[in-house]
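Trainee: Respectively, the protein sequence lines represent chains A and B. Here the first sequence is numbered in the working numbering, starting from 1 and rising by one per residue. Here the second sequence is numbered in the working numbering, starting from 1001 and rising by one per residue.
The hints are simulated quantities; they were obtained by calculation from the structure and are not laboratory data. The structure displayed is predicted, hence computed values, not measured ones. Treat the hints with caution; some may be incorrect.
With a straight-line cut-off of 25 Å between C-alpha atoms, the simulated PhoX-like cross-links for lysine-lysine are [said to hold, decoys possible]:
(1) B:1059 with A:321
(2) A:441 with A:137
(3) A:425 with A:137
(4) A:209 with A:189
(5) B:1059 with A:292
(6) A:73 with A:116
Listed below are several chain B residues computed to face chain A (Cβ distance under 10 Å; list not exhaustive) [stated by the list, open to error]:
(7) 1012
(8) 1190
(9) 1192
(10) 1225
(11) 1286
Which stretches of chain B does chain A cover? Using the computed rule of at least three CB atoms under 8 Å from a CB of chain A, they are [claimed, not checked]:
(12) 1178–1189
(13) 1290–1301
(14) 1354–1360
From the three backbone atoms N, C-alpha and C, an ideal C-beta is built for every residue, glycine too.
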Amino acid sequence: MTRLFGRRKFMVYGSAALGASMLLKACAPSTTTTASSPAADSSSPGASPAAAGDGIKVGILHSLSGTMAISEKSVVDSTLLAIDEINQAGGILGKQIVPVIEDGASDWPTFAEKAKKLIEQDQVVVIFGCWTSASRKAVLPVFEEKNHMLFYPVQYEGQECSKNIFYTGAAPNQQIEPSVDWLLENKGKEFYLVGSDYVFPRTANTIIKAQLAAKGGTTVGEDYLPLGNTEVAPIIAKIRSALPNGGVIYNSLNGDSNVAFFKQLQGAGLTPDKYPTMSVSIAEEEVQAIGKEYLLGHAAAWNYFMTVESPENTKFVDAFKAKYGDSRVTNDPMEAGYISVNIWKQAVEQAGSEGTPTDLEAVRSAAYGQEFAAPHGPVKMFPNHHISKTVRVGEVRDDGLFEIVYSTPAPVDPIPWNQYVAETKGFACDWTKTDVSDPGKFQI
Amino acid sequence: MVASILDGIFNGVSIGSILLLAALGLAIVFGLMGVINMAHGELMMLGAYTTFVVQNIFKAIGGPLFEVYIFFALIAAFIVAALVGLLLERGVIRYLYGRPLETLLATWGVSLILQQFVRSVNWVLVFGLLLFCVLYFGGQWVVKRRADFERIKGWSTTLLLFLSGAIALVGGNIVASTYGLAATQPWFGAQNKDVTAPAWLRGGIPIGNYQLPSTRVFIMVLTVLCVLGVYWFLNRTAWGLRIRSVTQNRNMSACLGIPTRTVDALTFALGSGLAGIAGCALSLLGSVGPNTGQNYIVNTFMVVVVGGVGKLVGTIVGAMAIGIADYIVGTGILANLTNIPFLKDFFTFFATTSMAKVMVFALIVVFLQFRPAGMFPQKGRTVDA
Chain A
1 MTRLFGRRKF MVYGSAALGA SMLLKACAPS TTTTASSPAA DSSSPGASPA
51 AAGDGIKVGI LHSLSGTMAI SEKSVVDSTL LAIDEINQAG GILGKQIVPV
101 IEDGASDWPT FAEKAKKLIE QDQVVVIFGC WTSASRKAVL PVFEEKNHML
151 FYPVQYEGQE CSKNIFYTGA APNQQIEPSV DWLLENKGKE FYLVGSDYVF
201 PRTANTIIKA QLAAKGGTTV GEDYLPLGNT EVAPIIAKIR SALPNGGVIY
251 NSLNGDSNVA FFKQLQGAGL TPDKYPTMSV SIAEEEVQAI GKEYLLGHAA
301 AWNYFMTVES PENTKFVDAF KAKYGDSRVT NDPMEAGYIS VNIWKQAVEQ
351 AGSEGTPTDL EAVRSAAYGQ EFAAPHGPVK MFPNHHISKT VRVGEVRDDG
401 LFEIVYSTPA PVDPIPWNQY VAETKGFACD WTKTDVSDPG KFQI
Chain B
1001 MVASILDGIF NGVSIGSILL LAALGLAIVF GLMGVINMAH GELMMLGAYT
1051 TFVVQNIFKA IGGPLFEVYI FFALIAAFIV AALVGLLLER GVIRYLYGRP
1101 LETLLATWGV SLILQQFVRS VNWVLVFGLL LFCVLYFGGQ WVVKRRADFE
1151 RIKGWSTTLL LFLSGAIALV GGNIVASTYG LAATQPWFGA QNKDVTAPAW
1201 LRGGIPIGNY QLPSTRVFIM VLTVLCVLGV YWFLNRTAWG LRIRSVTQNR
1251 NMSACLGIPT RTVDALTFAL GSGLAGIAGC ALSLLGSVGP NTGQNYIVNT
1301 FMVVVVGGVG KLVGTIVGAM AIGIADYIVG TGILANLTNI PFLKDFFTFF
1351 ATTSMAKVMV FALIVVFLQF RPAGMFPQKG RTVDA
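From just these sequences and the hints, can you work out the full model?
Mentor: This is the structure we're talking about:
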């Protein structure tokens, strides 16, 4: 049997496989370059090495493969859209932005490695990237060691305030806390907490439990699914026995488990009129992926919904659809990615330099107080490296988009150290302060 | 009380039947053929994507036909997965029989390729690949016809490879720039896709306060049908007899004139097709995305190993045992049954989904210490003996 597969044949098929993989590889970038508009040709990565010489290199570090690619790919799309828009309007200080895209491959050590590569080898002046808290925690030491700059576009659990990271997603007080208040007022007092088994849901649920205890709600149970687990029958049985007459389900599941959860919730007859759910990881893209029939009437809390009515949002949505196709939707982390690039651009322009590693400090201090009319509303960068954001609650409607049922009257200021959790109560972060030993976390 | 016990039994058996359906194809490929197929999950994923495509076609047709699309999807998923499995067997695995470690690595590589393929497949990629295959293999065919084939083999193959690669690349780029977004837009992309069950499968059958989800009932029925079908095929048909004889003693079967190559290909295709059916059915309960297969692969191997390699009945019992154990530990039924304080605390601690997994895995490890060959070990002289 082995004789049939001689060395010569192995060489032939081996080189065929190599050739095919080269072909695949070669086809992949050609899709991204041609997908961008013709005017952006000069800015496409690696299109001309000469362009990199007189452009500003920025890094984009997201998972383009592996389990997180599902979500992160679309943030890359919106980040590139922002860069394209800036380049078409003449660039920053007369220079074009040249994005260098690296794949974190849903693997946390790879993120750290690629961050190092972008900083040392490509000499980028800023990096936009990361999605999961695990990847952010993995790259954090790299950014602190190199004293470099990361813009992080996803809502997260808070309890962190690094000098080297700008957080353009929501802190817990800009997503979770207002949504719990809204639920207590409109839906019920008994909560069942469901989450994926990693740092964000566990921290988020700690905050929710403390908040419920303080505001007269009760937590009747909580359970965690391993990431990627799709067998939710035991959880549904437990919810039904803990809440026999209905109650609120607070859902911080992430990824594939969400699909299984909502499909089986409906099958088990737990409908949103008796068991309303509030999700913090389900945005427009996820609604498309789960199927809107399963989600009708379920709620989600975000800062941005595609249905926000403002001229800025219309412009953003139109530009995005023109570039990536009519069937695409926009969501909250994508908008945060778009905000990141624009705030960084304004900071660089104010600092009057392109933020080479030597004057990153100038860009950083110029970033504080930058205001931007974002698609979801006005935002402002605070000296605690987070931005103020309007908070909204939306319910899934027939067309798979969200009907906005509540929004805060004004942008909510960010509080990175949570005030409901005992360990961080009374702590704050302000990187303009010089009279405290650690501006990242000090007692007020 | 009665209702809750019934609910428990139903859910346990239901989880078990999902595991069984996913593991059935693997029980054939791994159990009977001894091939460690790490791409089994990806064959399921292809079944799920086929369901998505069939669903969209029926949605476009509209009308009452949409309500029965799932049956067409099951057939289509079986065919697609079986064809890909056949290609996999002919292209990769048949060179690696008897070398389990290499098979493991090769099929794992295939699984990664398939995952990335569904993420980035678009018209340009398909066009480029087809062009490359036509040029390269067509060129090979022509060169082989020449009398001096042996002499020019080395350099002509290299030349062909680079030429067809370059032409495919240029061709792909031309298509990309001519048709723009229409050609470069990925078919599926990296995002999960929505498979929506027809209305009659979305609700449930109410029993007292409980509701039996229709999808789970559907999957249980489907699992029973698949198991019966496989039993009938292996034990009552001529090809089933040949498969069993080849897996028991390959050399002797070959001596007696059984075409072992064909049998191998057929067995693998059958196993893959069953994976496709599983993928289709599970898309009603779970997600459809590039990673769908990864969520099941560990569980399926676990079921086959616990049940005993080479015996279908082992797979059935193994799946049910794991499913029921998972449910009664995870929901804390055990904790409610005991009144001994220490035991109660112990079971409550394990009554979360994550910890239930830990407990089930620990039980499996202990079980395999005592019965290394699984519940139903194969006896007598087998292929490996």
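Trainee: Against this structure, judge whether each hint is valid.
Mentor: The hints, checked one at a time:
no.: 1; hint: B:1059 with A:321; verdict: holds, 24 Å
no.: 2; hint: A:441 with A:137; verdict: holds, 17 Å
no.: 3; hint: A:425 with A:137; verdict: holds, 22 Å
no.: 4; hint: A:209 with A:189; verdict: holds, 12 Å
no.: 5; hint: B:1059 with A:292; verdict: holds, 15 Å
no.: 6; hint: A:73 with A:116; verdict: holds, 21 Å
no.: 7; hint: 1012; verdict: holds, 9 Å
no.: 8; hint: 1190; verdict: holds, 4 Å
no.: 9; hint: 1192; verdict: holds, 3 Å
no.: 10; hint: 1225; verdict: violated, 20 Å
no.: 11; hint: 1286; verdict: holds, 4 Å
no.: 12; hint: 1178–1189; verdict: holds (count 6)
no.: 13; hint: 1290–1301; verdict: holds (count 5)
no.: 14; hint: 1354–1360; verdict: holds (count 3)
Consistency note: the structure conflicts with earlier hint 10 alone.
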